[in-house]
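Going down the list, the protein sequences come from chains A and B. Quick note: the first sequence, position 33, residue 33 per the numbering used here, numbers continuous. Quick note: the second sequence, position 86, residue 306 per the numbering used here, numbers continuous.
Hints are computed from structural coordinates only; laboratory data are not their basis. Possibly wrong hints are sitting among the right ones.
[Claimed, not checked] If you want the ones that stay clear, here's a sample from chain B, every Cβ over 10 Å from chain A, calculated:
#1 T222
#2 W312
#3 E313
[As the list claims (entries may be wrong)] Derived coverage of chain B by chain A (criterion: at least 3 residues anywhere in the stretch with Cβ under 8 Å from a Cβ of chain A; other residues may be distant):
#4 233-244
#5 394-404
[Said to hold, decoys possible] Covered stretches of chain A, as calculated for chain B (at least 3 residues, CB under 8 Å):
#6 9-23
#7 172-183
#8 190-204
Nothing here was measured: the structure is a model prediction, and the numbers come from that model. Don't be surprised by glycine CBs; every beta carbon is placed ideally from N, CA and C.
Number of protein chains: 2
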Amino acid sequence: MTQLRVHNLAVSIDGYATGEGQSFETPFGHAGQRLMGWFFPTHSFVSMTGHEDEAVGGGSRGVDDAFAAATNRGIGVEIMGRRKFGPQLGPWEDESWRGWWGEEPPFHSPVIVLTHHTRPDLAVGETTFLFRELAPVDALALATELAGGLDVRLGGGPTVVREFLEADLVDYLHVVVVPIVLGRGVRLWDGLEHLEERFDVEATASPSGVVHYVFTRTSR
Amino acid sequence: MTQLRVHNLAVSIDGYATGEGQSFETPFGHAGQRLMGWFFPTHSFVSMTGHEDEAVGGGSRGVDDAFAAATNRGIGVEIMGRRKFGPQLGPWEDESWRGWWGEEPPFHSPVIVLTHHTRPDLAVGETTFLFRELAPVDALALATELAGGLDVRLGGGPTVVREFLEADLVDYLHVVVVPIVLGRGVRLWDGLEHLEERFDVEATASPSGVVHYVFTRTSR
Chain A
1 MTQLRVHNLA
11 VSIDGYATGE
21 GQSFETPFGH
31 AGQRLMGWFF
41 PTHSFVSMTG
51 HEDEAVGGGS
61 RGVDDAFAAA
71 TNRGIGVEIM
81 GRRKFGPQLG
91 PWEDESWRGW
101 WGEEPPFHSP
111 VIVLTHHTRP
121 DLAVGETTFL
131 FRELAPVDAL
141 ALATELAGGL
151 DVRLGGGPTV
161 VREFLEADLV
171 DYLHVVVVPI
181 VLGRGVRLWD
191 GLEHLEERFD
201 VEATASPSGV
211 VHYVFTRTSR
Chain B
221 MTQLRVHNLA
231 VSIDGYATGE
241 GQSFETPFGH
251 AGQRLMGWFF
261 PTHSFVSMTG
271 HEDEAVGGGS
281 RGVDDAFAAA
291 TNRGIGVEIM
301 GRRKFGPQLG
311 PWEDESWRGW
321 WGEEPPFHSP
331 VIVLTHHTRP
341 DLAVGETTFL
351 FRELAPVDAL
361 ALATELAGGL
371 DVRLGGGPTV
381 VREFLEADLV
391 DYLHVVVVPI
401 VLGRGVRLWD
411 GLEHLEERFD
421 VEATASPSGV
431 VHYVFTRTSR
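Please build the complete structure, drawing on both the sequences and the hints.
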């Protein structure tokens, strides 16, 4: 059965998934790159950037990489919020923006972009972006149909993840707690009191200093 | 040199050190006993309650106990907030309240109770409670003087701990993150942006599901 999975969602120890003051230049706001510092040294990231020969292998192969490596496994579709696709707000002024990822985005699958401001489907390389105004449950239904038996990844940002958690649609949630106090930004956990009652929770501390939490649903 | 240490400060994954609606019957508010569930099975707790023969030993002896066992080691004085001493607010209506702990409190040392409403020193068993209206730095100076070369424990609650962290007086901070989403209550981390820059941070996941964080000061 198709599962809805969240991977590599990093939060500060005080629960912020992104900082204050997001912009084109600073997608994580004042958090800068600190929330993803555990990810960049992993083999999964290094080989994704193409600066290393994946067969030879650069980057760390420990627990951080073990979690990072699961990100794409068995995924047929991604669902993302509009802010992950681009920094624009409101109606599209033009449709020349084709995402952050250049002409070969890393998805290689359909990607449903949730937005109040739809536009025509957009094929870039092997990825097709579908701009849809859908409630979480309907977005998941469409994604499941497109996924052809594979799983669906919920790619963020944190507000979108929270909406799907509130709607009780998430089967697997991987949160990475980074030992920094951000103080301000977008909180992940707000409105999710009693979340743990619907999940088994396992925590794994990494030598890098982060803690990987995996929430797996106990029932549907 | 005397260190100021915090032990066993439990917070939910969303950063609440106590729930909403504290009262005499529910000192942790709606959190109930969930924040301390990791502690009760430990040998340190079991032997403290006196229901087991400490020499024989009941209770768990794993990582949760290893941290719990450090609580009293080398401590000469405790500093606590008034709400830890008792549930009353405002001026003392009478002075018959002698704390939660009966006639042999577990401190066996001077205890400085920070309060705007002072009252005479109170000896109960081997413990003497000193009720003082002091800024954190002055409370620590008095505690250090009384500790006779031993360390000072900052016993909480969370608001007091946060005040001492803001004043940059804490040398050792042991926080236990419990995998529950409380949603409301008293937050530990508010106002402490950049805290990690003054500390080395180490995280240890326990099989019980909690994660022990130890913050040790990098400099004074």
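Please verify the coverage claim for the stretch 394-404 of chain B: does it have three or more residues whose C-beta sits within 8 Å of some C-beta in chain A? holds (count 7)
Since W312 of chain B was said not to touch the interface, does its Cβ keep a gap of more than 10 Å from each Cβ of chain A? Nearest chain A Cβ is 35 Å from W312 of chain B, so the label holds.
Three residues or more, CB to CB closer than 8 Å: is that satisfied between the stretch 190-204 of chain A and chain B? Since 11 is at least three, the answer is holds.
Quick one: see if chain B covers the stretch 172-183 of chain A, three-plus residues with Cβ-Cβ under 8 Å. holds (count 6)
Interface-negative label, E313 of chain B against chain A, beta-carbon threshold 10 Å: holds, 35 Å
Interface-negative label, T222 of chain B against chain A, beta-carbon threshold 10 Å: holds, 26 Å
Closer than 8 Å Cβ to Cβ for three or more residues is the test here. Does the stretch 233-244 of chain B pass it with chain A? Since 3 is at least three, the answer is holds.
8 Å C-beta test of the stretch 9-23 of chain A against chain B, three or more residues: That given contact holds, which follows from 3 residues of the stretch 9-23 of chain A lying within Cβ reach (below 8 Å) of chain B.
Going through the hint list in order, the structure satisfies each hint without exception.
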